[in-house]
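S.K.: Sequence:
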Amino acid sequence: MADFVYRSVMHDIKQNILNGNYKGMRLPDERSLAESYQVSRSSMKRALGLLADQGIVFKKRGSGTFINPLYLKNQALFRYEGSNLGLTDSFKMPGKKQSVKLLDFHVIKASPEIAQDLFLNENDFVYEFKRLRFLDKQPFLIETGYLPIKIMPELKPETLQGSLFNYLEDKENKTVTKSFLNITVEPSNKEDQKEMNLKLTEPVGVMEGIFFLDDGTPFEVSNMRVHYKYMRFNTFVNLDR
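Be aware that the sequence shown starts at -15, since it is given in the working numbering, and climbs by one per residue.
Any given hint might turn out to be false.
[Claimed, not checked] Here are the in silico distance ranges between beta carbons for each label pair:
#, residue 1, residue 2, range
1, 81, 140, 19 to 27 Å
2, 198, 20, 25 to 33 Å
3, 95, 56, 46 to 54 Å
[Claimed, not checked] Result set (DSS-like, lysine-lysine): computed pairs, CA atoms no more than 30 Å apart in a straight line:
#, residue 1, residue 2
4, 134, 155
5, 121, 174
6, -2, 140
7, 80, 155
8, 80, 162
9, 162, 183
10, 114, 178
11, 43, 29
12, 44, -2
13, -2, 81
14, 57, 114
15, 178, 93
16, 81, 155
17, 162, 57
18, 213, 85
19, 162, 29
For the record, the hints were derived by calculation from the structure and aren't laboratory data. Note that CB positions come from ideal geometry on N, CA and C, so glycine has one too.
Please model the entire structure based on the sequences and the hints provided.
M.R.: Following this line, the structure appears as structure tokens:
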């Protein structure tokens, strides 16, 4: 899978941070970094912006860009590395390999509720798919999604066996950057218990929401049922914008 320049730069800066290569917890200025990496200012700005969005660095007006000391104390809270909101990046864990099993995939006419959420016409069609996600051999998440055909008219089942959002970014040059999520906990149902090896008394986390492309277009309506042992929610709040 092709990697973008800004992502490679971002990863290298993160490694330099962990190696203690920046004195005084301060990064060089944007121009110096761009020259050092031999990339454009726009690529460097995007790399630094993504690090700031993740909470790994913060910008102090008039003083420069500084490393968040909390990142050095607990990198696990900042493990998300993607530039979109896909689950593949969000659930990365050291030493754990992710995989996806496609349980169902077909085309249906959008229900009134799905059409409303995705801003579709009443006669529009969507892909409906269900996926089971694994960390190593442990199933931990059942995802049911609805995606407008007009956004990805040639979506193939094999694409859904990997990261859909990373595929969208790498192949279509689009990113999923916004979401509205409702997060709750409820008793597991029979499907949860069967697919994720849960006992009758064990609960699941439920994340329901809508994901949006960077231009504001609704991209997917999703329902995710998460094994309670893997239900973690970390957030970094930025009110500067």
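S.K.: Now, for every hint given, state plainly whether the structure supports it.
M.R.: Going down the list of hints, with the structure as the test:
no.: 1; hint: 81 x 140: 19 to 27 Å; verdict: holds, 23 Å
no.: 2; hint: 198 x 20: 25 to 33 Å; verdict: holds, 28 Å
no.: 3; hint: 95 x 56: 46 to 54 Å; verdict: holds, 48 Å
no.: 4; hint: 134 x 155; verdict: holds, 16 Å
no.: 5; hint: 121 x 174; verdict: holds, 20 Å
no.: 6; hint: -2 x 140; verdict: violated, 35 Å
no.: 7; hint: 80 x 155; verdict: holds, 26 Å
no.: 8; hint: 80 x 162; verdict: holds, 26 Å
no.: 9; hint: 162 x 183; verdict: violated, 34 Å
no.: 10; hint: 114 x 178; verdict: holds, 15 Å
no.: 11; hint: 43 x 29; verdict: holds, 12 Å
no.: 12; hint: 44 x -2; verdict: holds, 19 Å
no.: 13; hint: -2 x 81; verdict: holds, 21 Å
no.: 14; hint: 57 x 114; verdict: violated, 37 Å
no.: 15; hint: 178 x 93; verdict: holds, 29 Å
no.: 16; hint: 81 x 155; verdict: holds, 23 Å
no.: 17; hint: 162 x 57; verdict: holds, 28 Å
no.: 18; hint: 213 x 85; verdict: holds, 20 Å
no.: 19; hint: 162 x 29; verdict: holds, 20 Å
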